[in-house]
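**Q** Listed here are the chains, written in short residue letters.
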Amino acid sequence: PQSAKRHATSAQKMTEAWDYGSSINTFPESVEVDPSILSEASPKVLLVGARRSGKSSIYRVLFSKMSPHETLFLESTNALEISRISNSKLITFQIWDFPGGFDPRGEFQYGDAVVGPSTAYSGSTAVVMCVDAQVGLEGEALRRIIDTAEAASTINPSVRLHVFIHKVDGELFPSDDEKLETKTQIVTLINDHLEENNIHISVTYSLTSIYDNSISECFSKVVQELIPSYGVLEKLLDTLNSTCNIEKSFIFDVMSKLYYATDSNPVDLQTHELCSDMIDVVIDISGIYGAVTEVGGRPKVQAYDAASASAIKLSNELVLYLREVSTSLALVCLVRARNFKKRGLIDYNIDTFKTALAEIFEPEASEAQAER
Amino acid sequence: RREAARGAPQGRKMGKKKVLLMGKQGSGKTSMRSIIFANYLANDTRRLSPTLDVEHSNVRFLGDLVLNLWDCGGQEHFYESYFDSQRDEIFRGVEVLIYVFDIETPDADKDFGYFDGVLQAIEQNSPDARIFCLVHKMDLVGEEHMRDATFEEWKARISEHSRDMAMEYFQTSIWDETLYRAWSSIVYSLIPNVGLLESHLEEFCNICDADEIVLFERATFLVISHSTARPYRDPHRFEKVSNIIKQFKLSCSKSNAHAAFDGMEVSNSTFKAFIEKFTSNTYIMVIISKDTAAQTATVQLNINAAKQHFERFVPQTTGL
Chain A
2 PQSAKRHATS
12 AQKMTEAWDY
22 GSSINTFPES
32 VEVDPSILSE
42 ASPKVLLVGA
52 RRSGKSSIYR
62 VLFSKMSPHE
72 TLFLESTNAL
82 EISRISNSKL
92 ITFQIWDFPG
102 GFDPRGEFQY
112 GDAVVGPSTA
122 YSGSTAVVMC
132 VDAQVGLEGE
142 ALRRIIDTAE
152 AASTINPSVR
162 LHVFIHKVDG
172 ELFPSDDEKL
182 ETKTQIVTLI
192 NDHLEENNIH
202 ISVTYSLTSI
212 YDNSISECFS
222 KVVQELIPSY
232 GVLEKLLDTL
242 NSTCNIEKSF
252 IFDVMSKLYY
262 ATDSNPVDLQ
272 THELCSDMID
282 VVIDISGIYG
292 AVTEVGGRPK
302 VQAYDAASAS
312 AIKLSNELVL
322 YLREVSTSLA
332 LVCLVRARNF
342 KKRGLIDYNI
352 DTFKTALAEI
362 FEPEASEAQA
372 ER
Chain B
6 RREAARGAPQ
16 GRKMGKKKVL
26 LMGKQGSGKT
36 SMRSIIFANY
46 LANDTRRLSP
56 TLDVEHSNVR
66 FLGDLVLNLW
76 DCGGQEHFYE
86 SYFDSQRDEI
96 FRGVEVLIYV
106 FDIETPDADK
116 DFGYFDGVLQ
126 AIEQNSPDAR
136 IFCLVHKMDL
146 VGEEHMRDAT
156 FEEWKARISE
166 HSRDMAMEYF
176 QTSIWDETLY
186 RAWSSIVYSL
196 IPNVGLLESH
206 LEEFCNICDA
216 DEIVLFERAT
226 FLVISHSTAR
236 PYRDPHRFEK
246 VSNIIKQFKL
256 SCSKSNAHAA
266 FDGMEVSNST
276 FKAFIEKFTS
286 NTYIMVIISK
296 DTAAQTATVQ
306 LNINAAKQHF
316 ERFVPQTTGL
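Line by line, the protein sequences are chains A and B. For the first sequence, position 327 matches number 328 in this note's numbering, and the numbering has no gaps at all. For the second sequence, position 159 matches number 164 in this note's numbering, and the numbering has no gaps at all.
What the hints contain is simulated information worked out from the structure, not anything from laboratory work. Keep in mind that this is a model prediction, so the values were computed, not measured. Each hint should be verified, as a subset may be incorrect.
To be verified - Pairwise CB distance ranges (calculated): (1) B:SER194 to A:LYS66: 32 to 40 Å; (2) A:THR93 to B:TRP180: 30 to 38 Å; (3) B:MET151 to A:LEU73: 31 to 39 Å; (4) B:LEU255 to A:SER37: 28 to 36 Å; (5) B:GLU207 to A:GLY345: 32 to 40 Å; (6) B:ASP112 to A:PRO36: 50 to 58 Å; (7) B:TRP180 to A:GLY140: 33 to 41 Å; (8) A:LYS66 to B:MET151: 32 to 40 Å.
Even glycine gets a Cβ: it sits at the ideal position worked out from N, Cα and C.
Can you build the whole structure from these sequences, using the hints too?
**A** In structure tokens, the structure reads:
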């Protein structure tokens, strides 16, 4: 197992510019180009990393409902692809999926437009740097991280870099020990290089794999940092928890199953996974038994609507409770069975929470409503 | 109703029902069995090693029904011994034969050779056995729309070898609900008096004013019986629900709480689904679409009231 992982050993000052190869930032026309997307002022998540490091697979698994096994057959991304995620009123954000091996300091084509680092890294931006943990970090891959960090922090000091130590699954990582060992090596390596080159940027490190829940959990945290009202949401959830004696609560986007907010208590990964799985159950069963309506001449099932709710009783005296709180958003919480007996109280408080949420999303509309 | 229930034949222990599971090596028999009965997830089956000789397992089903599963190793020299020294022992007293065809097989002719041998042995030793042919690993067919065509091809070829014996055909994959559909049918055929059970369920459905009621076996979540009061567009919904609940049950047990799933309700503005423990060996799912608070409350009451009645009744359908 050790032989597969190669890491550069000592931090080096960047004296010369790395040669990423000429004209690699000019690509053939990508499949779908929407030039207007560049002028939107949405927050964005940039997916960067070496070729075959897993960027597009992450996008497909989280947002296109692709099964992890199918991603093995994905072709390499040849041009910058930008998607808009606007499932809910809580946040609309863009995902920029870069081809592997691009030059982070250079300009690149997007359809007829030319986009440069000043556009890419400005505004509310998070950069997810994919590192293939099975291949290791050295040479061009390492250099790209350092160059990206430098370019981004120069243009926009508030950019956050999220290093996903990715593909920590399979034979090379049979247990947590191997994962932590790799993480320690990579964290030290990158931090040393950043320090050596005097680059100041906020960096987080996560162990991820598309074969388990870790990718969803870690990507959720990336998006949370782009939500301006996050602090308010966290407080609202804390309040809800204390009034209803709820152990843990999340606000999930039911389409992507990312969670956009949670209370201030620590997140237990298995609780998160259970809540995420509950959403699957609710959506799948609603898809089977929900009423069918005609939409544009075609039958469509009304699966997730404003009255969607579910309660799952577990044998250990815990109840998972889900309530729709806005389009595509679900409040999922964990309650002790004895506290769930006061279901009427919980429902009333969640209704209040729903109203508060509506005010955050559309303050003008809520005011008009109140006046009426 | 109560008189009819008590009148059903008592005392005759059905004992074990012998189910033979055969097919070439690597065709997926043990994986299937593990997923349905031993609570493996499809992903976990990669860790299973080839079955050597015959693996016996006794699986409790519906409490009193015991499926005696003979998972016969598919390697060549074991096949030789089946037709030779162990023939009578293996092929006698068989209630159900499940034969698994792997669509990825490199040598279909050889597979059909073995199938011929097995059918011959069955015809001689257990001529009344029910035969199910599973055309397996259908997930490996690239395009969805090609699946049916592939299945029909295999069906045609298998029936050429069927020696005019009656057979049921299913296309299956461990990666979706088709596995549950096939095994539900297999187990359903093993439940005696299932018609009587269904008529009681129908009556219960009327009392609840429900759209649909489904009875699941507790451990496997295979569908035992159902009663439907209105048309539904998806004929495969039962196995889908089996699959959905089973997946969630497994997810629960893997969490650090090691909790088991107890029951649930799911609703939106157009329906309400209740899934509750019912008798000692079953779960019941009740679907209602009328949106009144009274309706919800009465469903719970009705389920509780019906439990006792069915508790006495369900074991009798297995002949005990």
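**Q** Each hint needs a verdict: does it hold in this structure or not?
**A** Against the structure, the hints come out as follows:
1. As the Cβ distance of B:SER194 to A:LYS66 is approximately 35 Å, the hint placing it in 32 to 40 Å holds.
2. Taken as a hint, the range 30 to 38 Å holds for the pair A:THR93 and B:TRP180, whose Cβ atoms sit roughly 34 Å apart.
3. Range check, B:MET151 to A:LEU73: about 20 Å between beta-carbon atoms, so the 31 to 39 Å window is missed.
4. Range check, B:LEU255 to A:SER37: about 45 Å between beta-carbon atoms, so the 28 to 36 Å window is missed.
5. Taken as a hint, the range 32 to 40 Å holds for the pair B:GLU207 and A:GLY345, whose Cβ atoms sit roughly 35 Å apart.
6. Judged by the Cβ atoms, the range 50 to 58 Å given for B:ASP112 and A:PRO36 holds: they are separated by roughly 56 Å.
7. Checking the proposed 33 to 41 Å range against B:TRP180 and A:GLY140 shows it holds: the Cβ atoms sit about 38 Å from each other.
8. For A:LYS66 and B:MET151, the hinted distance range of 32 to 40 Å is not satisfied, since their beta carbons lie about 21 Å from each other.
Of the numbered hints stated above, those contradicted by the structure are hints 3, 4 and 8, listed in ascending order.
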